[in-house]
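**Student:** Note that the protein sequences, when read in sequence, are chains A and B.
Taking my numbering, I'd label the letters of the first sequence as residues 1 to 51.
Taking my numbering, I'd label the letters of the second sequence as residues 52 to 242.
Derived by calculation from the structure, the hints in this document are not laboratory data.
Incorrect hints may have been included.
If you want a taste of the chain A side facing chain B, the calculated C-beta under 8 Å gives, among others [said to hold, decoys possible]:
#1 L11
#2 Y15
#3 E17
#4 A35
#5 A42
#6 V46
#7 R47
#8 L49
In silico EDC-like pairs for lysine to aspartate or glutamate, Cα to Cα no more than 16 Å straight-line [said to hold, decoys possible]:
#9 A:K39 / A:D12
#10 B:K202 / A:E27
#11 B:K196 / A:E25
#12 A:K38 / B:D185
#13 B:K225 / B:D185
All C-beta atoms, glycine included, are put in the ideal place defined by N, C-alpha and C.
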Amino acid sequence: MNCQTLDDLLLDFLYEELAPEAAREVEVHLGDCPACTKKLVAFGKVRVLAR
Amino acid sequence: MAQYQKGDARSFEVLLRRHERPVYNFLYRMVGHPTTAEDLLQEVFLRVIHHAKDFEGRAKFTTWVYTIARNLCHDHGRRQKFRKHASLDAPVSDEKDGASRVDFVPSRDSSPHDDLVAKDLMARLEQAMTTLSDDQREVFLMREKLGLPFKEIADIVGCPENTVKTRMRHALEKLQKALRIETEELARVTG
Numbered sequence: 001m002n003c004q005t006l007d008d009l010l011l012d013f014l015y016e017e018l019a020p021e022a023a024r025e026v027e028v029h030l031g032d033c034p035a036c037t038k039k040l041v042a043f044g045k046v047r048v049l050a051r
Numbered sequence: 052m053a054q055y056q057k058g059d060a061r062s063f064e065v066l067l068r069r070h071e072r073p074v075y076n077f078l079y080r081m082v083g084h085p086t087t088a089e090d091l092l093q094e095v096f097l098r099v100i101h102h103a104k105d106f107e108g109r110a111k112f113t114t115w116v117y118t119i120a121r122n123l124c125h126d127h128g129r130r131q132k133f134r135k136h137a138s139l140d141a142p143v144s145d146e147k148d149g150a151s152r153v154d155f156v157p158s159r160d161s162s163p164h165d166d167l168v169a170k171d172l173m174a175r176l177e178q179a180m181t182t183l184s185d186d187q188r189e190v191f192l193m194r195e196k197l198g199l200p201f202k203e204i205a206d207i208v209g210c211p212e213n214t215v216k217t218r219m220r221h222a223l224e225k226l227q228k229a230l231r232i233e234t235e236e237l238a239r240v241t242g
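With the rest of the complex left out, here is chain B (with noise of 0.2 Å):
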């Protein structure tokens, strides 16, 4: 980013090759559609363009990516009241290879019946996360996707770094709640 800001426009580019499908990736996550999300992400780069000479080094540049990231999906949630999640079948990895949750794969040696549980618990777990408040969803997907740590997210959020694991705990409690009845299958599926 400092080469950049110095005018380098070549290291704008490995900038964004390196952060594209990350970003692009949660932006998805928290608007649920494709289309909407490759919008977002273009105004995510023409803002860090923008506002590259403001860019203090103090701050990390993903902490920095991030934080413009989500207002913008804020933005977006409050013109278009749109809550809806991505789907759990949306590409996964930072590579386009096509894998997706529901590509999970149980065990090498899985049976059938094993696929099934395996897939019916995908679903209930993309419908429990449509039970995650905005404010939980964004920081799972930055701590369990993005691995960003707990601090950085606070940093993103703008608040303490105990609310972002409130928030968190809350996320896991919920998620573990829906799948609780599937215990023993669940113990099988995931080894």
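Next up, chain A with everything else stripped away, as it sits in the complex (with noise of 0.2 Å):
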């Protein structure tokens, strides 16, 4: 998975709505990548501040 294809996928993953195996991927890249997990956190930190 690259970059790009995580970006589309963000927003179902971060509202818990990809598959599993697709949330693993998700989660495999997240794991190689600061940017993506960067941009990942800031938007779970408006959830937070939200609720």
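Both chains are sitting in their own frames, so use the hints and assemble them into the complex.
**Tutor:** Here's what the structure looks like:
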């Protein structure tokens, strides 16, 4: 999985709408990609505040 | 709903109890005024009653109800050109416990300074919410506050799922941007 593919799946992953297998692929990519992780965490922080 | 369509009036009471609070919260955050939200809530359920026979079981009941609610909000907006959003002081849960976003508790051992920072962030978030377009705000509320999946939101607003996700992403980016300068404080108060 590359960064573009992950970007397409980011919201589905963030809102837990991905199938388990796809979610695992995202997690593998996030483990190797600080930039994508940073983007995900930033959106996650907004979610925490908006609750 | 199927029972209500068959004439079981009590089943409507069950539906009403189940959906009244979340539908009200959605309406309130869309129109920004409690009395208007109450009026629209009554209208939503009146339409449910009047059009119950037209409801087709293929759609989820929640999809149908929020489609009605959204359309009423849009009609109201066109009439009033009223674009305020609900205050973040508004109740946020289904419980009538008075909890609001400004009651956000950063952490168990937060300092008074952290509490102030958290309240400041809430104020900034509230301000940022005003920058969202109606399209972005309704999608954000449906996904974040109502927990509706993107596919169902797409059915409600009548556009492709990818369009819904694009609006959601723009909403998140706007909110993130508005809060970006407090990154370090944000990290501390949200853990």
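**Student:** Does each hint hold? Answer for all of them.
**Tutor:** The hints, checked one at a time:
With a cut of 8 Å, the hint placing L11 (chain A) at the interface with chain B holds, because the nearest CB-to-CB distance is about 5 Å. At its closest, the beta carbon of Y15 (chain A) sits 6 Å from a beta carbon of chain B; the interface hint therefore holds under the 8 Å criterion. The closest approach between the C-beta of E17 (chain A) and any C-beta of chain B is roughly 6 Å, which is under the 8 Å cut-off, so the hint is satisfied. Interface restraint check: A35 (chain A) against chain B, minimum CB-CB distance 15 Å, threshold 8 Å, status violated.
Against a cut-off of 8 Å between C-beta atoms, the interface hint on A42 (chain A) holds, since the closest Cβ of chain B lies about 5 Å away. Hint on V46 (chain A) holds. Least Cβ distance to chain B is approximately 5 Å, under the 8 Å limit. A cut of 8 Å between beta carbons decides the hint on R47 (chain A): the least distance to chain B is about 7 Å, and the hint holds. Because the smallest distance between the Cβ of L49 (chain A) and any Cβ of chain B comes to about 5 Å, under 8 Å, the interface hint for this residue holds.
Distance restraint check for K39 (chain A) and D12 (chain A): the Cα-Cα separation of roughly 14 Å lies within the 16 Å cut-off, and the hinted pair is therefore satisfied. For the given pair, K202 (chain B) sits about 23 Å from E27 (chain A) by alpha-carbon distance, which is inconsistent with the 16 Å threshold. Between the alpha carbons of K196 (chain B) and E25 (chain A) the distance comes to roughly 28 Å, so the proposed pair goes past 16 Å and is violated. For the proposed pair K38 (chain A) and D185 (chain B), the alpha carbon gap of about 28 Å is over 16 Å, so the pair is violated.
A distance of roughly 13 Å separates the Cα atoms of K225 (chain B) and D185 (chain B); the hinted pair therefore holds under the 16 Å criterion.
Violated hints, in rising order: 4, 10, 11, 12; the structure is consistent with all others.
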